[in-house]
Amino acid sequence: MTTLNVNGKSLSIDVPDDTPLLWALRDGAGLTGTKFGCGIAQCGACTVHIDGKPVRSCVMPVTAAQGKAVTTIEGIAADPVGHAVQTAWRKLDVVQCGYCQSGQIMSATALLKAKRKPSDADIDLAMSGNVCRCATYVRIRAAIHAAAATLA
Amino acid sequence: MQTTLKQRMALMARRIALLDAMVIAVLLLGMATTSAIAAKKQAPTPAAAPADSAQLFEPIRSVIQSPRCVNCHVADGVPRQFDDSRPHAQNVHGGADGKGVTGLACSTCHYTQNPAAASGPHAPPGAPNWHLAPIEMVWYDVGARDICLRLRDPRHNGGRDPAALVHHFADDPLVGWGWQPGGARSLPPLTRPQTVAAVQAWIAADMPCPLQ
Chain A
1 MTTLNVNGKS
11 LSIDVPDDTP
21 LLWALRDGAG
31 LTGTKFGCGI
41 AQCGACTVHI
51 DGKPVRSCVM
61 PVTAAQGKAV
71 TTIEGIAADP
81 VGHAVQTAWR
91 KLDVVQCGYC
101 QSGQIMSATA
111 LLKAKRKPSD
121 ADIDLAMSGN
131 VCRCATYVRI
141 RAAIHAAAAT
151 LA
Chain B
1001 MQTTLKQRMA
1011 LMARRIALLD
1021 AMVIAVLLLG
1031 MATTSAIAAK
1041 KQAPTPAAAP
1051 ADSAQLFEPI
1061 RSVIQSPRCV
1071 NCHVADGVPR
1081 QFDDSRPHAQ
1091 NVHGGADGKG
1101 VTGLACSTCH
1111 YTQNPAAASG
1121 PHAPPGAPNW
1131 HLAPIEMVWY
1141 DVGARDICLR
1151 LRDPRHNGGR
1161 DPAALVHHFA
1171 DDPLVGWGWQ
1181 PGGARSLPPL
1191 TRPQTVAAVQ
1201 AWIAADMPCP
1211 LQ
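Top line first, the protein sequences correspond to chains A and B. As numbered in our numbering, residues 1 to 152 make up the first sequence, in order. As numbered in our numbering, residues 1001 to 1212 make up the second sequence, in order.
In case anyone wonders, no lab produced these hints; they're calculated from the structure. Mixed in with the good hints, there may be bad ones.
Which stretches of chain B does chain A cover? Using the computed rule of at least three CB atoms under 8 Å from a CB of chain A, they are [to be verified]:
| no. | region |
| --- | --- |
| 1 | 1088-1101 |
| 2 | 1104-1110 |
| 3 | 1115-1125 |
Beta carbons are placed, not taken as given, at the ideal position from N, Cα and C, and that holds for glycine.
Throw the hints in and build the complete structure from the sequences for me.
Next up, the structure:
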């Protein structure tokens, strides 16, 4: 039994120790907003925050998250930056198919928490690990700028 | 009081001279700054070293220029991958401190240990303190003599004296990952104990370097 702090709540999850955090969240905790994309940290769909920093949950063992604050897409709106990002996402209608977008929002939030006024280059570098098959990259970048403007 | 034409001409001449001096100073400062940046990016001025007639450095070179080591000792801030040392996928950069850029640190994907075998042979490997080597310690696409001279010089080997160099090869967890890379990754041509022994033999011979 693994105990995790997810979105401010303590959860006991019955999974083997080497289970990737992603599957502990999806199958163990029922938090299915975090997506499985590639399973080898190549696409970013599974991005969650550990102590406020982005990580790819598909290759991180669940035991590595014990004792730390895990934030998923279900809990990111409680963060003012996360809320601003989600608001900008809706306002600019960023999403197309949507599959990658929870990971995109988690990465965008992490960037804005670390850098409130990122340049285009900052955004391109920070978001380069999040792949979008619908190629919504232009709207993603615009939405990050829009969120940054509301946080200024 | 009115100034004469001669006085005005003299004042103008002094102003022009002052302007010239300022322009020259700015140019010189710019040249000095450019030179300093260039010096930081380019290879260090080679220091003298004993000739390596016994080829004691070659075993060390063969290890540190193997993909598991050299892929993170790069000059352009772009990590390399696989045995052909291709640039890291996803346009990854090491950033100012070699630990990634704002919002995409190396630790986003590389944890403190290799992933479970179930993740397959190409999931991101991991070790403590995953980061690129400082630019002074570039080994990728550099000749054997240059690497040897860098390794001898504390200004270009991370400030390490001979004992610290041995410690780097023998005990550093991130260096040790090179011999336990996980997945299907190739290993350096020598084992870690063999490498440490080679470094010790090289140091005992006063760190000789090949001629090129």
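Violations among the numbered hints: none
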